[in-house]
Amino acid sequence: MNPKRKTRLYLAVFVVVAVAGTTAALMLALEQNMNMFYPPQQIVDGTAPTATTIRAGGMVKDGSVQRDSQSLAVTFTITDHLGADFSVAYTGILPDLFREGQGIIVQGELGGDGVFAASEVLAKHDENYMPPELIDLAAEIEGNSGS
Amino acid sequence: MIAEFGQLSLALSACLALASGIAGLGYHVPVLRSLRASTVSMVVGQFVFVSIAFVALVTSFVNDDFSVAYVANHSNSLLPWQYKVSATWGGHEGSFLLWILIMSGWMLVLATRGVNYPPRFFARVLGSLSVLNLGFICFALFTSNPFERMIPMTPADGGDLNPLLQDFGLIVHPPLLYAGYVGLAVPFAFAVAALMENRVDAAWARWSRPWTNFAWAFLTLGIALGSWWAYYELGWGGWWFWDPVENASFMPWLAATALIHSLAVTEKRGTFKSWTLLLAITAFSLSLLGAFIVRSGVLTSVHAFAVDPERGLYILVFLAAVVGGSLTLYALRVAGRRAEIGFKILSREFFMLTNNVILVVALAVVLWGTLAPIGYEALTGDKISIGVPFFNLFFVPLMLTLALALVLVPALNWKRTSWRAVRATTLRALPVAAVLGGVSWYLTSPKSAVVLAALILAMWMILTHTLDVWRRLRRTRSQPLAYWGMTLAHLGFAMTIMGVAITATQSIEEDVRMAADEVVELGEMQVRFLGVREVDGPNYRAQQGVFIVTEPSAESFELRPEKRQYLAGGNMMTEAGIRGGFLADTYISLGEPLGEGAWAVRLHYKPLVRWVWFGALLMALGGALAVTDKRYRRLRERQSATDAAAKGAV
Numbered sequence: 001m002n003p004k005r006k007t008r009l010y011l012a013v014f015v016v017v018a019v020a021g022t023t024a025a026l027m028l029a030l031e032q033n034m035n036m037f038y039p040p041q042q043i044v045d046g047t048a049p050t051a052t053t054i055r056a057g058g059m060v061k062d063g064s065v066q067r068d069s070q071s072l073a074v075t076f077t078i079t080d081h082l083g084a085d086f087s088v089a090y091t092g093i094l095p096d097l098f099r100e101g102q103g104i105i106v107q108g109e110l111g112g113d114g115v116f117a118a119s120e121v122l123a124k125h126d127e128n129y130m131p132p133e134l135i136d137l138a139a140e141i142e143g144n145s146g147s
Numbered sequence: 001m002i003a004e005f006g007q008l009s010l011a012l013s014a015c016l017a018l019a020s021g022i023a024g025l026g027y028h029v030p031v032l033r034s035l036r037a038s039t040v041s042m043v044v045g046q047f048v049f050v051s052i053a054f055v056a057l058v059t060s061f062v063n064d065d066f067s068v069a070y071v072a073n074h075s076n077s078l079l080p081w082q083y084k085v086s087a088t089w090g091g092h093e094g095s096f097l098l099w100i101l102i103m104s105g106w107m108l109v110l111a112t113r114g115v116n117y118p119p120r121f122f123a124r125v126l127g128s129l130s131v132l133n134l135g136f137i138c139f140a141l142f143t144s145n146p147f148e149r150m151i152p153m154t155p156a157d158g159g160d161l162n163p164l165l166q167d168f169g170l171i172v173h174p175p176l177l178y179a180g181y182v183g184l185a186v187p188f189a190f191a192v193a194a195l196m197e198n199r200v201d202a203a204w205a206r207w208s209r210p211w212t213n214f215a216w217a218f219l220t221l222g223i224a225l226g227s228w229w230a231y232y233e234l235g236w237g238g239w240w241f242w243d244p245v246e247n248a249s250f251m252p253w254l255a256a257t258a259l260i261h262s263l264a265v266t267e268k269r270g271t272f273k274s275w276t277l278l279l280a281i282t283a284f285s286l287s288l289l290g291a292f293i294v295r296s297g298v299l300t301s302v303h304a305f306a307v308d309p310e311r312g313l314y315i316l317v318f319l320a321a322v323v324g325g326s327l328t329l330y331a332l333r334v335a336g337r338r339a340e341i342g343f344k345i346l347s348r349e350f351f352m353l354t355n356n357v358i359l360v361v362a363l364a365v366v367l368w369g370t371l372a373p374i375g376y377e378a379l380t381g382d383k384i385s386i387g388v389p390f391f392n393l394f395f396v397p398l399m400l401t402l403a404l405a406l407v408l409v410p411a412l413n414w415k416r417t418s419w420r421a422v423r424a425t426t427l428r429a430l431p432v433a434a435v436l437g438g439v440s441w442y443l444t445s446p447k448s449a450v451v452l453a454a455l456i457l458a459m460w461m462i463l464t465h466t467l468d469v470w471r472r473l474r475r476t477r478s479q480p481l482a483y484w485g486m487t488l489a490h491l492g493f494a495m496t497i498m499g500v501a502i503t504a505t506q507s508i509e510e511d512v513r514m515a516a517d518e519v520v521e522l523g524e525m526q527v528r529f530l531g532v533r534e535v536d537g538p539n540y541r542a543q544q545g546v547f548i549v550t551e552p553s554a555e556s557f558e559l560r561p562e563k564r565q566y567l568a569g570g571n572m573m574t575e576a577g578i579r580g581g582f583l584a585d586t587y588i589s590l591g592e593p594l595g596e597g598a599w600a601v602r603l604h605y606k607p608l609v610r611w612v613w614f615g616a617l618l619m620a621l622g623g624a625l626a627v628t629d630k631r632y633r634r635l636r637e638r639q640s641a642t643d644a645a646a647k648g649a650v
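These protein sequence lines are chains W and H, in that order. Just so we're aligned, residue 1 is where the first sequence starts under the working numbering, counting upward by one. Just so we're aligned, residue 1 is where the second sequence starts under the working numbering, counting upward by one.
Pairwise CB distance ranges, derived in the manner of DEER restraints:
| # | chain 1 | residue 1 | chain 2 | residue 2 | range |
| --- | --- | --- | --- | --- | --- |
| 1 | W | Ala-117 | H | Pro-389 | 10 to 20 Å |
| 2 | W | Ala-84 | H | Val-357 | 46 to 56 Å |
| 3 | H | Glu-521 | W | Gln-102 | 26 to 36 Å |
| 4 | H | Thr-505 | W | Asp-62 | 37 to 47 Å |
| 5 | W | Thr-50 | H | Pro-309 | 29 to 39 Å |
| 6 | W | Gln-102 | H | Ser-41 | 48 to 58 Å |
| 7 | H | Pro-119 | W | Gln-102 | 52 to 62 Å |
| 8 | W | Gln-102 | H | Ser-77 | 26 to 36 Å |
| 9 | W | Ala-117 | H | Glu-310 | 37 to 47 Å |
The list that follows gives simulated cross-link-like pairs (lysine to any residue, SDA-like), each with its CA atoms no further than 25 Å apart:
| # | chain 1 | residue 1 | chain 2 | residue 2 |
| --- | --- | --- | --- | --- |
| 10 | H | Lys-273 | W | Thr-7 |
| 11 | W | Lys-6 | H | Leu-346 |
| 12 | H | Lys-273 | H | Val-334 |
| 13 | H | Lys-415 | H | Arg-428 |
| 14 | W | Lys-61 | W | Ser-119 |
| 15 | H | Lys-344 | W | Leu-9 |
| 16 | W | Lys-6 | H | Arg-416 |
| 17 | H | Lys-415 | H | Phe-350 |
| 18 | W | Lys-61 | W | Gly-108 |
| 19 | H | Lys-415 | W | Arg-5 |
| 20 | W | Lys-6 | H | Phe-343 |
| 21 | H | Lys-415 | W | Phe-14 |
| 22 | H | Lys-415 | H | Gly-270 |
| 23 | H | Lys-344 | W | Val-15 |
| 24 | H | Lys-415 | W | Thr-7 |
For the record, the hints were derived by calculation from the structure and aren't laboratory data. Cβ coordinates follow ideal geometry from the N, Cα and C atoms, glycine included.
Kindly generate the complete structure, drawing on both the sequences and the hints.
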């Protein structure tokens, strides 16, 4: 092989290896840092895995928010208004737009006892905004109450 | 009447955009010859009519014309006047009108610089920009008309502007950011014109450079401001969340950063041409992708524009047309062209290439992490989100490698550099950098190897650049402004790296329950909570907490974070109390009342957090400085001199 071709071959091999390596790394990292979203129904019926970071969402059930008097611990219930409820335990400050009846998303781990230990509570920042995860759910609830 | 006037103006500007697009792109068609003479005036006309439309919308806001639906949804009679003005771009429709205004503004500035470029090439540039502007204006007119009326169901008062947006940040952040986003259309149009005219050469790169730098500087400022705004306004004390909308602005920035470097190589050495073209196309396409992400609502984000699938579809089709069209042109013109490679590993070219590879990989990571949820849902039907660790996992090593490459920059020459010259600059600086970095690292806790690496690399970068400045100044007194621009931008990058490394690892964050008169330790400081009192603002009522913070030096200061309830919408908002400093910020925000006078309180101590933005500011300043370099002006004079000579000959 002449040297020019050799250089080109090396370059091609290098590019292929680099692209393959980057893609593999991206896939792997994605796999490890990806949080699946589960609606209340799947949290309750056991579809959602325990002891791994996931997201769940629904509406905060009216009258379910309870604050501990001595710490920042708080518990509340998330419901889909279709019969699936689960409780969430969280320690910290809730976002401004966290309210009973609001659609929210929690991120954390589901315990064996069915209580969702949230590390993060995400509420929307705008009255008119609905997180895409909850759109299907909201439509379902609306459809159900309408019929 | 005013709103209708605005809408009419906008429609007129669309007609002008169509005409100047045809005139510019059809420059060579004989029938259109009479039209082409007026291309520039049609571009000016677009700006004039878009301005009228914009002023009409602002006027509707200032006059509280709630019969205009957009005004009714984003303003309120109680809103202070400066926010009534800035509320114009506080929602989807108005912010897009601002986008169009800025686009027309860039075109206006470009139109006045026509003498610098060959007429036919220049016509192509203006033509491409006009077609893009036409697409934007039609988007506004057909899917997001800000002038739509609500008659006869006119509300008595408006629904109010989202409290988060009632802030100085909203006044300046979107215009700057958009100036960057849309500014990238200019190098894009230059690339398209170069492809159409078959003149992808050093001159094209030289023409394109100032515009690219300028747009990049705006984008840098816009992103930094957005980060700062999120920091003090959202009340979480974070400055970057890898939120899809942040990523949407970061991706074009990464591409544009690669582009300004690649353009330098194309101008100076005549290589990397196809790559530079591709980057110019990519950077602007990513701007459009950003617009799609923000305005279609496909991804969960803190930035909330009301969701409308029709808009998303329009942008997607527009994006496909722009990307498809420009890439087809690229394939037709560039394919099969062979590049001459004439540089050694130890050369400026090679390190520019390294810089580009790193930035493009970083771009791929952000793109992947941002779009993966959409792809995943399309493929499996399951909804996922991508965690912050995903991005950090890649960004930490990538940015450190980039920093290492930057260390060598001052020592590198074009084509080839002797190993001795590189050694002379870099190795001499290494021990000093190691000592400085090591000592500052010794002061950190908890300690991490990554922080040590980041500190040493940043110091090293600063030292090699400073050494270079000193050496050059000794040789000749004056250096070109472009050189100062580059140095400043690189020093800014070093500063940002230090800021990120320190604030990400050394911040102290505590969420605590505090009763009145309780004292809590925050690092070495003591925070005393005096209690909460009621305060009235112009359009809100606030619970204001009063805190006394005592520093180790026994000096103390007061912070007054607020929890505001806005009268119009009933929205709650947290206004953090911040004591900003060059070396550290103290940040307190109120959570919720817990009864018996106790409150949930968030206490933050954030060392060097401001360096993240100061660094970005230096980068933007560097970019702007490079634009003012004499070189470009001299070129213009030379160009017009040759033109005049040519005219004289005819």
